[in-house]
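Chemist: Just so we're aligned: 54 in the numbering used here is position 54 of the sequence shown, and the numbers increase by one with no gaps anywhere.
Worth flagging that the hints you see were computed from the coordinates, not collected in a lab. Be aware that a few hints might be false.
Said to hold, decoys possible - Cβ pair distances, simulated, as ranges:
#1 L14 <-> D39: 22 to 28 Å
#2 P92 <-> R51: 16 to 22 Å
#3 R51 <-> E112: 14 to 20 Å
The C-beta atom is built at its ideal place from N, Cα and C for all residues, glycine as well.
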Amino acid sequence: VVTIWLPQYHDMGLVCGYLTSVVWNCQTVGFSPMDFIQDPLLWPKLMTRYRATHTIAPHFGYQLTARRMELAGPQLDLDLSSLTCAMDGAEPINVRTRLDTLRTWKRFGLRE
């Protein structure tokens with residue numbers, strides 16, 4: 001299961017999200033970038049609900065989601081243990097913030 005909020009007309013969304021799921025013959029759970037901006041926690045909630053194995057987003061998406069997860073605290077009911085691939089791209093990646101994001105996501109089940 002691929003969970004993605006990037007639009008189909010975006011190269012990363014089209015190739016890494018939608019076309020990849022066609023090649024792999026798997027389900028795609030997609031939603032709009034506007035929905036993501038309004039509620040960044042929708043992304044990990046959908047990953048939890050559909051047991052997503054793959055996801056992709058630009059760096060800022062991971063940062064924004066991690067900040068919201070931190071604010072929500074441990075009562076946030078998420079399980080990211082099904083994820084096997086979380087691709088990060090389309091803009092410069094700051095290693096420090098990526099490591100901070102991974103640390104936050106690990107508290108919600110992300111495996112190395």
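Chemist: Please check whether L14 and D39 have a Cβ separation lying inside 22 to 28 Å.
Modeler: Once the Cβ atoms are compared, 23 Å apart, the range 22 to 28 Å for D39 and L14 holds.
Chemist: Do the beta carbons of R51 and E112 sit within 14 to 20 Å of each other?
Modeler: Given about 18 Å between the Cβ atoms, the range holds.
Chemist: That 16 to 22 Å hint for P92 and R51 (C-beta), does it hold up?
Modeler: violated, 31 Å
When each numbered hint is compared with the structure, a violation occurs for hint 2 only.
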